[in-house]
Amino acid sequence: MRHFLSTADWTRNELQGLLDRASAFKSGTVSRSLEGKSVALVFFNPSLRTRTSFDIGTQRLGGHAIVLDAKGATWPMEFGEGAVMDGDKEEHVREAARVLSSYVDLIAIRCFPEFKDWQSEREDPLIEAFAKHATVPVINMETIVHPCQELAHMLALQERMGPIADKTYLLTWVPHPKPLNTAVANSSLLIASKFGANVRILVPDEAYRLDERYMSAAERFTAEGGGSVSLMTDVEAAYDGADVVYAKSWGALPFYGNWGDEAPLRAKGADFMITPEKMALTNNATVSHCLPMRRNVKIADAVVDSPAFMGIEEAANRLPVQMAVMEALAGQAGGAE
Amino acid sequence: MRHFLSTADWTRNELQGLLDRASAFKSGTVSRSLEGKSVALVFFNPSLRTRTSFDIGTQRLGGHAIVLDAKGATWPMEFGEGAVMDGDKEEHVREAARVLSSYVDLIAIRCFPEFKDWQSEREDPLIEAFAKHATVPVINMETIVHPCQELAHMLALQERMGPIADKTYLLTWVPHPKPLNTAVANSSLLIASKFGANVRILVPDEAYRLDERYMSAAERFTAEGGGSVSLMTDVEAAYDGADVVYAKSWGALPFYGNWGDEAPLRAKGADFMITPEKMALTNNATVSHCLPMRRNVKIADAVVDSPAFMGIEEAANRLPVQMAVMEALAGQAGGAE
Amino acid sequence: MRHFLSTADWTRNELQGLLDRASAFKSGTVSRSLEGKSVALVFFNPSLRTRTSFDIGTQRLGGHAIVLDAKGATWPMEFGEGAVMDGDKEEHVREAARVLSSYVDLIAIRCFPEFKDWQSEREDPLIEAFAKHATVPVINMETIVHPCQELAHMLALQERMGPIADKTYLLTWVPHPKPLNTAVANSSLLIASKFGANVRILVPDEAYRLDERYMSAAERFTAEGGGSVSLMTDVEAAYDGADVVYAKSWGALPFYGNWGDEAPLRAKGADFMITPEKMALTNNATVSHCLPMRRNVKIADAVVDSPAFMGIEEAANRLPVQMAVMEALAGQAGGAE
Chain A
3 MRHFLSTADW TRNELQGLLD RASAFKSGTV SRSLEGKSVA LVFFNPSLRT RTSFDIGTQR
63 LGGHAIVLDA KGATWPMEFG EGAVMDGDKE EHVREAARVL SSYVDLIAIR CFPEFKDWQS
123 EREDPLIEAF AKHATVPVIN METIVHPCQE LAHMLALQER MGPIADKTYL LTWVPHPKPL
183 NTAVANSSLL IASKFGANVR ILVPDEAYRL DERYMSAAER FTAEGGGSVS LMTDVEAAYD
243 GADVVYAKSW GALPFYGNWG DEAPLRAKGA DFMITPEKMA LTNNATVSHC LPMRRNVKIA
303 DAVVDSPAFM GIEEAANRLP VQMAVMEALA GQAGGAE
Chain B
3 MRHFLSTADW TRNELQGLLD RASAFKSGTV SRSLEGKSVA LVFFNPSLRT RTSFDIGTQR
63 LGGHAIVLDA KGATWPMEFG EGAVMDGDKE EHVREAARVL SSYVDLIAIR CFPEFKDWQS
123 EREDPLIEAF AKHATVPVIN METIVHPCQE LAHMLALQER MGPIADKTYL LTWVPHPKPL
183 NTAVANSSLL IASKFGANVR ILVPDEAYRL DERYMSAAER FTAEGGGSVS LMTDVEAAYD
243 GADVVYAKSW GALPFYGNWG DEAPLRAKGA DFMITPEKMA LTNNATVSHC LPMRRNVKIA
303 DAVVDSPAFM GIEEAANRLP VQMAVMEALA GQAGGAE
Chain C
3 MRHFLSTADW TRNELQGLLD RASAFKSGTV SRSLEGKSVA LVFFNPSLRT RTSFDIGTQR
63 LGGHAIVLDA KGATWPMEFG EGAVMDGDKE EHVREAARVL SSYVDLIAIR CFPEFKDWQS
123 EREDPLIEAF AKHATVPVIN METIVHPCQE LAHMLALQER MGPIADKTYL LTWVPHPKPL
183 NTAVANSSLL IASKFGANVR ILVPDEAYRL DERYMSAAER FTAEGGGSVS LMTDVEAAYD
243 GADVVYAKSW GALPFYGNWG DEAPLRAKGA DFMITPEKMA LTNNATVSHC LPMRRNVKIA
303 DAVVDSPAFM GIEEAANRLP VQMAVMEALA GQAGGAE
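In the order they appear, the protein sequences are chains A, B and C.
If you want my numbering, it's the 1-based position in the first sequence plus 2.
If you want my numbering, it's the 1-based position in the second sequence plus 2.
If you want my numbering, it's the 1-based position in the third sequence plus 2.
These are calculated hints, taken from the structure and not from any lab test.
None of the values given here were measured: they were computed from a predicted structure.
Warning: the hint list may mix true and false statements.
Identical chains blur together in the list; that is why a pair holds if it fits in one copy or across any two.
Stated by the list, open to error - Derived pair list, reagent style PhoX-like, types lysine-lysine, alpha-carbon separation capped at 25 Å:
1) Lys270 x Lys91
2) Lys91 x Lys180
3) Lys134 x Lys118
4) Lys39 x Lys91
5) Lys39 x Lys134
6) Lys180 x Lys270
With the sequences and hints as input, model every part of the structure.
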């Protein structure tokens, strides 16, 4: 049985198939592939677009979504094997995953990292435990990657410019008051390299290099399918001739959970906000950001409110791409294994 | 494209049309006017009746409602134009409104004032920003007015006594442990004057006068359509011969956000609870209150539990009037403009 | 009009009828008995299984469920008759129950005790007030008993071993870091005695005796329908020859709301976790626990992960038994009285 935990587990052709199906949904294709089926949407973190688009997408496919707020409205969860549960965790994923599997046909999970220990959190332990113990397919609604966002982003790019193979794709770190999860940055790198772009990662300092799991995956994808990956700290060189600019802020992994010491490095990126001046260096680039987005901190209003900004289309695409993912997973021969 | 932000934007005839449609729903008329459509219910504040009645109303019209708890379950929102978003606000209404518009066909919003600065809050900035940036109709589920409650109230009154034109309608301030939002008081004034009643506003002190926006609107409505508006502080005179008594507590606007200094004025209304003795002065009046309602603080049990009390009927009417509003907005020619 | 507040109000035959209907649903029987109807699920406490299974069950019967988080998302509720509501309670159950009844066809409520005063909380005042004032049937989703869990438990037992009359049924207190609600313990006692088992209640000290309301009800049930009830403190004697072992932790009622003084008694049960060694004393017993369950505190992994463990089947049965309950209540002649 197949899950949708990371696009890294799916081939470019498979992913393109999902994108093509999403396009068909946008063109009016109707599917009732979740008729009589249910989907549990389990949120350990806030959501606006994800909750709304998964719920409506399920409904459009004939199914029924249940939203579970895992912080507050349900029980704190343990995922460690053999854990002696005498702390604050009331329920083990082994039970939660099996019981939810008995009620629903798909389980979608949002669980951001906790900023405590990257060595364990980089293994994405909660969603991996769900996928191990569930007897129905599991969908990642953002953990340390955000694969549904990747598909929505790639679909919007293809709608704007066709295939992105050999295009120059700039993933730029941008300022933010707080250190953030690397999920969307990891995802930007994965999907752009998977589809053969020349990826530039612009950071204030090499300490902002993404986790080796994603860096090496991207190098493997481009080695196999075309494109390239490079880490840059020179702003002008990075923007020069870019076809796509994707903005994201994240915390430097060497300071993970110990963010006070990261402040001086963070200060080196104080001028990294995307401005019309920087955009002028590009090849009339399309610019985007996963929402929510802090205006005039990450991207200046003049860029957000220009035709170059693709963020709204990208967010709107969440609905059809997730319909394609749910349909593909629910349609697996044999259902629960 | 038309929104439903305040009844002040709709004519008496238009509002009567909504009430008549609501009556038809109560008599068994079936409409599938939201078939295949979705409604986002965005709550920045708690709700029992509003959430339940909007969800069920959407369902009865063939549509699907998504409930979004905007405090906690989703992102804090900025609405200021040009804001540098380096504080605690993660998302701008400009994005949220456009993205939600791409997923759903109607957006309904509850957002109470924050009791900080009436000069800005009286402009109802969050829902106005949603209405400006959304590409689908926006419905007010209570901000500084509560227009859905107004319709439910007026429908219940018409069911009890027919047209209220020239009836004596008493809006009385009542005690409450805390200073409250003026929304329902503003709304009571707007709808009673719109339908031609002789409106008496009974307050412990003239400092409880409602905002000039609503006072002058009510004077305009009665000048055009009959009826009158007067502010009173004499309890016996206010109850004398009243046909309707509507109870609400609110904070005096001159002390907005600085409530400590309001206490002495508030004490002047300590005996304003609605009691059988006061009701005996009326013309066998119908009495009501928007729910929730504190018993034996605002209205004595003996009045609430008498046949004069209309609050349950009024609350029950939320369902059909909101169905009428959603149907009217969803049916606009051209949909999103 | 009949509610589903406690299995104590239903005969063994009636309960068996609900279980048989649940089995039919598991075998593929389709019912649209909630077509066009709505159910309000009112949660004063967290939930995973209850929320999901009630929502999906409603959907499968053709109806529509509304989830109301009564802590935070809605208003604090008063239930006392004649209360002067000048504290933190904003809404009286008299209004909430009647208004909800005007919107929906069934009201289901979860409201755990507050650990303040057992003399008042043992009367289950909030759900009793809802049942008194609602004009539609009320379902207990766990208060000081958990009747839906009882049905799911009994159905799973019958699926494993047929009728439990004259079987030896051990309800064992197990360790937990905190004193807990007696609801599931009360329910275990009620349902096992109702169906004629020989019930042993194993506790670290006689202070853990359950409330007399449940002890005496169980004695009455077994006097009428066979079986027996005994309170035991000898672990080996209690496990000896048991056919069923059901685990639950609870606080000793004499220390209710004053838990610090309970600690020495609690320590006497430090070794009460269910282990393979204890299970070896039984008659190859089936073991279960209402979820969530703390592994390696209440039950050792080696037992949970053995074929003897019935907890997942029991949790899965929540869906069909609740469908049976909702169908039975919604189908009452005359509907609201």
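Taking the hints in turn, this is what the structure says about them:
no.	hint	result
1	Lys270 x Lys91	between (40 Å within a copy, 24 Å between copies)
2	Lys91 x Lys180	between (27 Å within a copy, 12 Å between copies)
3	Lys134 x Lys118	within (23 Å within a copy, 41 Å between copies)
4	Lys39 x Lys91	neither (30 Å within a copy, 37 Å between copies)
5	Lys39 x Lys134	within (21 Å within a copy, 36 Å between copies)
6	Lys180 x Lys270	within (15 Å within a copy, 49 Å between copies)
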